[in-house]
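Visitor: Residue-level listing of the chains:
Protein chains: 2
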Amino acid sequence: MQDGSNDRDRGFTLWFTGLSGAGKTTISEIVERELRLRLGKVEVLDGDIVRTNLSKGLGFSKEDRDTNVLRIGFVANLLTRNGVAVIVSAISPYREARNRVREDIGEDFIEVYVDAPVEVCAERDVKGLYKKAFAGEIKAFTGVSDPYEPPENPELHIKTAQESPQESARRVIDYLEERGYLRPVQTLSGTR
Amino acid sequence: MQDGSNDRDRGFTLWFTGLSGAGKTTISEIVERELRLRLGKVEVLDGDIVRTNLSKGLGFSKEDRDTNVLRIGFVANLLTRNGVAVIVSAISPYREARNRVREDIGEDFIEVYVDAPVEVCAERDVKGLYKKAFAGEIKAFTGVSDPYEPPENPELHIKTAQESPQESARRVIDYLEERGYLRPVQTLSGTR
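Here the protein sequences line up with chains S and Y, keeping their order. Under my numbering, residues 585 to 776 are what the first sequence spells out, in order. Under my numbering, residues 585 to 776 are what the second sequence spells out, in order.
Pulled out of the complex, with its shape left as it was, chain S reads as follows (with noise of 0.2 Å):
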């Protein structure tokens, strides 16, 4: 679909993965908003509500991060074949695992990589998590004291040390558009 034209009953899933402090739920929040302005059927999965409840009780584990990755996975594939818009937004470290799920999705699988250098997730630390895992008060912190394994043919690759959040949400926004899940804005003066 690169005509433009939008099958209302096509669903996908954004699946932002990246660093804590990376920017991922900052913009996945103001795509959010587009696609509900946008669309009918949009859900979020985000790290919390599927720890709740879905994965509570699971720890921070290579297998244990894994299996929570596929869960999510799971149900966001029940909801893209169904036509929902999915947003994930998940620090997934294992690459094996994201690449289960685009298996199991297929193409309506949209990987973004929310990347920023560890150092300026660092100074940033939103949650006051990186001071914690610099002081050896959290285990198996990912980018300090665990993997994080970058995707290697992410869709999108945004670098959030190098433009603003909006500007990253709106590379999101116009992927979503070339790809024929979104239909380009009418305007006045025509077709943006």
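I should point out that these hints are in silico values taken from the structure, not numbers from a laboratory. Certain hints may be false.
The list treats identical chains as interchangeable, and a pair is accepted whether it falls inside one copy or across any two copies.
Claimed, not checked - Under the rule of at most 25 Å between Cα atoms (straight-line distance), these lysine to aspartate or glutamate pairs were calculated in the DMTMM-like manner: (1) LYS743 / GLU762; (2) LYS640 / ASP688; (3) LYS723 / ASP758; (4) LYS723 / ASP650; (5) LYS711 / GLU761; (6) LYS625 / ASP692; (7) LYS640 / ASP699.
Quick caveat, the model's predicted, so the values are computed rather than measured.
Following the hints, complete the assembly by docking chain Y onto the known chain S.
Guide: Just chain Y, lined up with the frame of chain S:
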């Protein structure tokens, strides 16, 4: 919507609860086939699918059973509010957990109590589980050595010792038509 009109975006959850061997799967499979002929969006969340994808590691304590039911309910709710017809087939033995799902989903939650005396279920013993349960080889087997709390006000109460699976499934479909979730089938001789 008692006028026979049909809101294509209105989802629902058919929640089949009852003992192992009561007939949940048999009836729900007939209902599923009928729904797939008549609706675009149908998803089945049965016990096995869910244990594999959402609840691996959970056991059969009251707490684990309730967690499993609430997870199914969480996913069923996401799908239902996005217009999907959801079929859940799960023993779901505890009333309070089922009622929490009912509260989440609201009026689109349809509880179908698939009722058969434990003696009848044990005689059928499709999976050979009752034999093992009576021999003490399976602990905490619902209806034998673990409680089952029947629904107090189910939308449908089906007694499978007294009617065929086809008759039971017909009653489910009739109920969905009466509630406006399904459009009555038009035939040459009028509306059936």
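Visitor: Now tell me, hint by hint, if it's right for this structure.
Guide: These are the hints, each one checked on the structure:
Proximity of LYS743 and GLU762 under a CA criterion of 25 Å is satisfied intra-copy only: 20 Å inside one chain copy versus 54 Å between copies. For the homomeric pair LYS640 and ASP688, the shortest alpha-carbon distances inside one copy (23 Å) and between copies (18 Å) are both at most 25 Å. In this homomeric assembly, LYS723 and ASP758 never come within 25 Å of each other (Cα to Cα): the closest approach is 38 Å inside a single copy and 56 Å across copies. In this assembly of identical chains, the alpha carbons of LYS723 and ASP650 lie at most 25 Å apart only when taken from the same copy (17 Å versus 31 Å across copies).
Within a single copy, LYS711 and GLU761 get their C-alpha atoms no closer than 33 Å, and across copies no closer than 51 Å, so neither meets the 25 Å cut-off. Proximity of LYS625 and ASP692 under a CA criterion of 25 Å is satisfied in both settings, with 15 Å inside one chain copy and 17 Å between copies. Proximity of LYS640 to ASP699 under the C-alpha cut-off of 25 Å is found in neither arrangement, the shortest distances being 28 Å within a copy and 32 Å between copies.
When the structure is compared with the earlier hints, violations turn up for hints 3, 5, 7 and for no others.
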